[in-house]
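There are 2 protein chains.
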Amino acid sequence: MKRNMRVGAILKTLMDKPGQIFTLNYFAEQLDAAKSSISEDIVILKNILAELKLGRIETITGASGGVVIKPFISDDNKKKLIEDTVAELMDSDRLIPGGFLYYADILYNPHRVKGFGELIAQEFSNYDIDYVMTVETKGIPLALMTADYLNTPLVVARKGNRVSEGATISINYVSGTTGKLQTMYCAKKSIKARSKVLIVDDFLKGGGTIRGMMDLVREFDSEVVGTAVFMENISQKKKMIDGYYSILKMDVVEGRIIIHSEIE
Amino acid sequence: MKRNMRVGAILKTLMDKPGQIFTLNYFAEQLDAAKSSISEDIVILKNILAELKLGRIETITGASGGVVIKPFISDDNKKKLIEDTVAELMDSDRLIPGGFLYYADILYNPHRVKGFGELIAQEFSNYDIDYVMTVETKGIPLALMTADYLNTPLVVARKGNRVSEGATISINYVSGTTGKLQTMYCAKKSIKARSKVLIVDDFLKGGGTIRGMMDLVREFDSEVVGTAVFMENISQKKKMIDGYYSILKMDVVEGRIIIHSEIE
Numbered sequence: 001m002k003r004n005m006r007v008g009a010i011l012k013t014l015m016d017k018p019g020q021i022f023t024l025n026y027f028a029e030q031l032d033a034a035k036s037s038i039s040e041d042i043v044i045l046k047n048i049l050a051e052l053k054l055g056r057i058e059t060i061t062g063a064s065g066g067v068v069i070k071p072f073i074s075d076d077n078k079k080k081l082i083e084d085t086v087a088e089l090m091d092s093d094r095l096i097p098g099g100f101l102y103y104a105d106i107l108y109n110p111h112r113v114k115g116f117g118e119l120i121a122q123e124f125s126n127y128d129i130d131y132v133m134t135v136e137t138k139g140i141p142l143a144l145m146t147a148d149y150l151n152t153p154l155v156v157a158r159k160g161n162r163v164s165e166g167a168t169i170s171i172n173y174v175s176g177t178t179g180k181l182q183t184m185y186c187a188k189k190s191i192k193a194r195s196k197v198l199i200v201d202d203f204l205k206g207g208g209t210i211r212g213m214m215d216l217v218r219e220f221d222s223e224v225v226g227t228a229v230f231m232e233n234i235s236q237k238k239k240m241i242d243g244y245y246s247i248l249k250m251d252v253v254e255g256r257i258i259i260h261s262e263i264e
Numbered sequence: 001m002k003r004n005m006r007v008g009a010i011l012k013t014l015m016d017k018p019g020q021i022f023t024l025n026y027f028a029e030q031l032d033a034a035k036s037s038i039s040e041d042i043v044i045l046k047n048i049l050a051e052l053k054l055g056r057i058e059t060i061t062g063a064s065g066g067v068v069i070k071p072f073i074s075d076d077n078k079k080k081l082i083e084d085t086v087a088e089l090m091d092s093d094r095l096i097p098g099g100f101l102y103y104a105d106i107l108y109n110p111h112r113v114k115g116f117g118e119l120i121a122q123e124f125s126n127y128d129i130d131y132v133m134t135v136e137t138k139g140i141p142l143a144l145m146t147a148d149y150l151n152t153p154l155v156v157a158r159k160g161n162r163v164s165e166g167a168t169i170s171i172n173y174v175s176g177t178t179g180k181l182q183t184m185y186c187a188k189k190s191i192k193a194r195s196k197v198l199i200v201d202d203f204l205k206g207g208g209t210i211r212g213m214m215d216l217v218r219e220f221d222s223e224v225v226g227t228a229v230f231m232e233n234i235s236q237k238k239k240m241i242d243g244y245y246s247i248l249k250m251d252v253v254e255g256r257i258i259i260h261s262e263i264e
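From first to last, the protein sequence lines stand for chains A and B. Residues 1 to 264 (our numbering) make up the first sequence, in order. Residues 1 to 264 (our numbering) make up the second sequence, in order.
In case anyone wonders, no lab produced these hints; they're calculated from the structure. Just so you know, not all the hints are guaranteed correct.
[What the hints assert, rightly or not] According to the in silico footprint, chain B covers these stretches of chain A (three or more CB under 8 Å from chain B):
hint, region
1, 59 to 66
2, 163 to 171
[Stated by the list, open to error] Below 30 Å or equal to it, Euclidean Cα-Cα: the simulated DSS-like pairs (lysine-lysine) are:
hint, chain 1, residue 1, chain 2, residue 2
3, A, K17, B, K249
4, B, K180, A, K249
5, A, K46, B, K2
6, A, K80, B, K80
7, A, K2, B, K188
8, B, K159, B, K180
9, B, K159, B, K80
10, A, K79, B, K159
11, A, K180, B, K2
12, B, K189, A, K70
13, B, K80, B, K46
14, B, K159, A, K2
15, B, K188, B, K237
16, A, K17, B, K188
17, A, K35, A, K70
18, A, K79, A, K159
19, A, K189, B, K80
20, A, K189, B, K180
21, B, K159, A, K180
22, B, K237, B, K249
23, A, K239, B, K159
24, A, K17, B, K17
25, A, K46, B, K159
26, B, K78, B, K53
27, B, K80, A, K159
28, B, K180, A, K17
29, A, K79, B, K189
30, A, K35, A, K78
31, B, K70, B, K35
32, A, K35, B, K159
33, A, K78, B, K180
34, B, K17, B, K46
35, A, K80, A, K35
36, A, K70, B, K249
37, B, K249, A, K189
38, B, K46, A, K12
39, A, K12, B, K189
Ideal Cβ placement from N, Cα and C applies to all residues, glycine included.
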């Protein structure tokens, strides 16, 4: 088998399961090649992606070592992703009575939300993360794509209790958007004790919903290691949480919505 | 730039945006190569994926032509995906009082649900599809991954009306699981008239929820071109819909849950 054939096969396999470590032996068997050839192939592949700023492949040494594709989005692509999104969101057709902004189509565009998921995964790629958690509904695609790049399961908290989920743990929280006391549920089976959780959500206003997820994680004897949101409303100064990562900042100035990003 | 470098770069670009057509000129510019070299690279890449049964690349001729990666899952991988999932689901710990089965973790496992999304996308890859639609909550990851491979937006119908979504269209439906009359909402902005929609959901019992989505699509002056579900309860013989594609069949025999698949 030719080198470019092996390089293609290895890249396809790594990209199908980002964040998953594949041993050199795995590729040697699959591609019927010597481990030394595979090792050279991987160096070539690493250089291709690095040189063209297309991705990042890492080699992990040791007994459970191997090769893995890590989340990577070049500065140029990051800039383009954010600029394109801001330009689309500033369209006045998106204003909804009550000071809301329609942005579901952005988060429901698979290729686009994959970009944002990779951005969040890259930001948290040095953390030890067991689960990515969100609460239904609009943040699910973003949280799923983040979890895909980090190779962790997704956990979805629900706003109503479902008979089909079995035993649940619930907490009460005050929604920043509606100001109402609400209940959030999570299946007992969904998080193992002593886990590390990354919270991902679509929107942050007062932080009540995210605070709720933090409380929920604690009820599972687990720990929140980070919080990331797609958009933050900065006109609401008082937040119930701090230390979060937000991609877009939304402000309301004289009744007009302004969106920007501080990500470089 | 060497051939294996270009082959790697082209594959990475195509895989990041499955279903999206890239022109040869795009690669010629990006990789600073002659169109004839790119053309040869693509033939090589096509053969690599075909020979190793790793994927399917298509060349589209004509003015809006180019190259695209299509959904593809080999027979061996399909078999393994389904067998692994059935084995996991048959675990008696998954039984929930009321005859329900806990399967959220399967659909919330990103790499796994990507496999099922690719399977559905492959099944419908010859259809002309403008949107993939689901209803919150558990089917969202599967529908999103399907939409990713088909390169279409995702539409998520909701079970409650949200002030932040703007004008909505709603329909009433009878849930097969609870037997209750419910209302389903969809933002008016989310589907353009005269569109073709693929419905994807996690579970099918009586078909009431999917029937509801079909009614909703009709209210948008659009057409349902197919329906796919992750799991179907075949112990409920009477369905309100027909002609759907289901990956797993669940049966209740003498109080025990049996799962199988008819996909070869």
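Results for each hint:
1. 59 to 66: violated (count 0)
2. 163 to 171: This one holds; 4 residues, not fewer than the three required, reach chain B with a Cβ under 8 Å.
3. K17(A) <-> K249(B): Status holds; Cα separation ~27 Å.
4. K180(B) <-> K249(A): 41 Å, violated
5. K46(A) <-> K2(B): 14 Å, holds
6. K80(A) <-> K80(B): 39 Å, violated
7. K2(A) <-> K188(B): Status violated; Cα separation ~53 Å.
8. K159(B) <-> K180(B): Given that 30 Å is the threshold and the Cα spacing comes to 13 Å, the pair holds.
9. K159(B) <-> K80(B): 35 Å, violated
10. K79(A) <-> K159(B): Status violated; Cα separation ~36 Å.
11. K180(A) <-> K2(B): 61 Å, violated
12. K189(B) <-> K70(A): 36 Å, violated
13. K80(B) <-> K46(B): Distance of about 24 Å is within 30 Å: holds.
14. K159(B) <-> K2(A): 54 Å, violated
15. K188(B) <-> K237(B): 35 Å, violated
16. K17(A) <-> K188(B): 36 Å, violated
17. K35(A) <-> K70(A): 22 Å, holds
18. K79(A) <-> K159(A): 35 Å, violated
19. K189(A) <-> K80(B): 25 Å, holds
20. K189(A) <-> K180(B): 27 Å, holds
21. K159(B) <-> K180(A): Distance ~19 Å between K159(B) and K180(A) Cα, so the pair holds.
22. K237(B) <-> K249(B): Given that 30 Å is the threshold and the Cα spacing comes to 12 Å, the pair holds.
23. K239(A) <-> K159(B): Holds - the C-alpha atoms of K159(B) and K239(A) are around 29 Å apart, at most 30 Å.
24. K17(A) <-> K17(B): 15 Å, holds
25. K46(A) <-> K159(B): Cα-Cα ~46 Å, so violated.
26. K78(B) <-> K53(B): Roughly 12 Å between the alpha carbons, so the hint for K78(B) and K53(B) holds.
27. K80(B) <-> K159(A): Answer violated: K80(B) to K159(A) is near 35 Å, above 30 Å.
28. K180(B) <-> K17(A): 40 Å, violated
29. K79(A) <-> K189(B): Given that 30 Å is the threshold and the Cα spacing comes to 27 Å, the pair holds.
30. K35(A) <-> K78(A): 36 Å, violated
31. K70(B) <-> K35(B): Satisfied, since the Cα-Cα distance of roughly 22 Å is no more than 30 Å.
32. K35(A) <-> K159(B): 54 Å, violated
33. K78(A) <-> K180(B): Roughly 46 Å separates the two Cα atoms, so the pair is violated.
34. K17(B) <-> K46(B): Distance of about 16 Å is within 30 Å: holds.
35. K80(A) <-> K35(A): Violated, at about 39 Å.
36. K70(A) <-> K249(B): 36 Å, violated
37. K249(B) <-> K189(A): Holds, because 23 Å separates the two Cα atoms, which is no more than 30 Å.
38. K46(B) <-> K12(A): 12 Å, holds
39. K12(A) <-> K189(B): 36 Å, violated
Hint compliance for this structure: hints 1, 4, 6, 7, 9, 10, 11, 12, 14, 15, 16, 18, 25, 27, 28, 30, 32, 33, 35, 36 and 39 are broken, all remaining hints hold.
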